[in-house]
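Visitor: Each chain, letter by letter, is given below.
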Amino acid sequence: MVGVRKSFGATHALQNVSFEVGPGEVHALIGENGAGKSTLMKILSGAYRPDGGRIEIDGQLFVPSDPWRARRSGIAMIYQELNLAPHLSVQENILLGDEPHRFGWLNRARRRASARDALAELRHDNISLDAPISRLTIAEQQIVEIARALIGSPKVLIMDEPTSSLTQSDTENLFAAIDRLRRCDVSIVYISHFLEECRRVADRFTVLRDGESVGSGDMAAVGLPDMIRLMVGREIQDIYPRIPHSPGKAVLELRDLRGMGKPRSANLTLHEGEILGIAGLIGTGRTETLRVCFGLDRIKSGSVLVYSRESTRSSPTRRLAERIGLLSENRKEEGLLLNRTLADNLTITRYGPVSRLGLVSARRQRQCAQDWMERLDVRAQSPNQAVSELSGGNQQKIAVGRLLHHDARIFLLDEPTRGIDVGSKVQIYRLLGELAARGKAILFVSSYLPELLSVCDTIGVMCRGVLSAVRPTAEWNEHTLMAAAIGQPDAASN
Amino acid sequence: MSDLIAAASAGCSMRLVRCSDWSWLSACSVGSVVALTSVVGATSLVKGCSPAAAIALTIAVGAGIGLLNGLIIAGLRMMPFIVTLGMMGVARGTAKWLADNQTVNAPKSSINNLMDMLDPLHFFPLPLGIWITVALAIVMVVVMQRTIFGRYLFAIGSNEATARLCGIRVGLMKVAIYSLAGFFFGLAGLMQLSRLTQGDPTVAIGRELDIIAAVVIGGASLSGGTGSISGSMIGALTMAVLRSGSTQMNWPDYVQEIIIGIVIILAVALDKFRQRKAAL
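Heads up: the protein sequence lines correspond to chains L and X, in order. Counted the way our numbering counts, the first sequence spans residues 1 to 494. Counted the way our numbering counts, the second sequence spans residues 495 to 774.
If you're looking for bench data, these hints aren't it; they were derived computationally from the structure. Just so you know, nobody snuck in bad clues.
Some but not every residue of chain X turned toward chain L, in silico, with C-beta under 10 Å:
id : residue
1  : Val636
2  : Gln639
3  : Thr641
4  : Ile642
5  : Gly644
6  : Arg645
7  : Tyr646
8  : Phe648
9  : Ala649
10 : Asn653
11 : Ala655
No residue lacks a Cβ here, since even glycine has one placed at the ideal position from N, Cα and C.
All chains, please: the whole structure from these sequences, using the hints.
Guide: Right, here's the structure in full:
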């Protein structure tokens, strides 16, 4: 694509983006949130029309007008947000819009075979073809989404953050599949925040910043620090800023906590000024542990102690009153009120400080939101903007800001850095350190091992619904964490 | 004119419950509830109740039906549409039963003063009932925009899961809002009674559609999370003008019905169009 431009009103979402991908090449497209990656994707899929520039495929001018035509021309896309029909089965979703048929009659046998082949290609034939999508975990859903893109042998495959909800072993499978596609001369545009991942999988890269392509080159020729500098336009000295803090007395204790399904058993003690990490594969009960603990899901047995007092039976209302806050892993469907304003999202759990005589003061609310936006470096036009208009990183800051405004003492954070850019990640890590230094307690669930190992004081690993003993971070490394996560704690010793 | 009042007060309560897709559907039972409450009011006057008691009873029956709707919907986690649809039948049937399948003529009482037209030379010659409705609408604007209760409603309309996560007692809020809607429906029934001096169990059939149209014309999105009371008041006025305009032109009933049907389709199409524009 050459010199592609797109403006929305006065905002230039894309100014001058050019890059090219050869056959069999994996091209990484990297950039911070709001750099224009999503807009670019939407132009390629035909959702938006470019204001200028041109796109060519095999030397032919390509004018995408809708997703169906884009797909016919050999462009397949894997979106960051899952685009699956939750009530349909796995095979129906994989072949959706491309069902094998003869004179309009569905060929079920061929559909089954194609779906099975696509999943086998990803080494995931363990997913049942007939299970409805809603029964799968998010990671499995992502696999289905990828399998769908492989149908119809695309020439260009565009992947937007395909690994953001995958575990390490699934990521390996994905990389293997990418390798196989590369050998079949499929061009792949790989969009990701995980730079290490891009380095592993991509041949070349293009960096987007503020809607412009600011640099490109061979992956092998450029170091990680240089790439980060290109992305943020400044140097980031330390991805994991370390702020000294020391644990105090216990504030949250889980004793043999068991939910209706998961977790099967969770034991931990969280102290003031402590960041406790929970590692583990997706779908093993980490999210459920937080939900049960927050009163969102029912407890089957075991007990919860808050500030050393028994507080097992609970509800989110009560937990919030105990100044416990939960950050949902699913920002869009649970974490935020997308069509409400930033101000509403920030202040909803604690209207007290922004109201007078029981009436919410719009002015104070705005003021208060403005305050948090500055402290968290949220990039937005105004506190009255709808949250849906913000980029992922900024949305996440708003979600975290709500817990800060609530003045929580115990933070339950589920994948707080998922799908956000490096710059925002660093800000969140620093924030966690500052909170711990001020004596807040943080339970930090993540699938990304380097961040757990760098940010947490102690780490426990969840495996098949059971939480391992929590040990100091110094006693863990990536191998032992992964070994514990797959239930083979001894495998890492050799 | 009673059309206008019924539509306006119900419309604004609609607007108020309109904060989500579950709630706008509660409009589905408004026509029958208005009929039932007007019959209850008329019957109680016939049985010798004082006007004050009749007023209280009329509104209480409306609010009670709303409360019941809310309890069923929140308590059993049922689809609101089904519950209000069922309640529509129950209310209409009860109204006919109470009224013995005919209109109940109430004796003249001070209730009729609510809708008396004043001397046209009077400053702002509007009956008391309309002033009450306007005042309540203003109160509701403040409640929706400025109180924590109102903000919570918008939150539930925007995303129920998030609202729960933020510690809002979603079930309790639903019960409250359906009761409040029932209160307004009772009020609409009272206005009806005041104007016609009779309780008619077959009145306000099809009023559900007027209200949905009023709310959508007023700018609410059917999918929830946005909207304003003032907007739906304007929508309700538009619908009332359409109705009385058709009557004054001496158009037959069926022309009115066709026109209103078309307006509703146009209003919903407009809603879709606005959403698409907002999405870009």
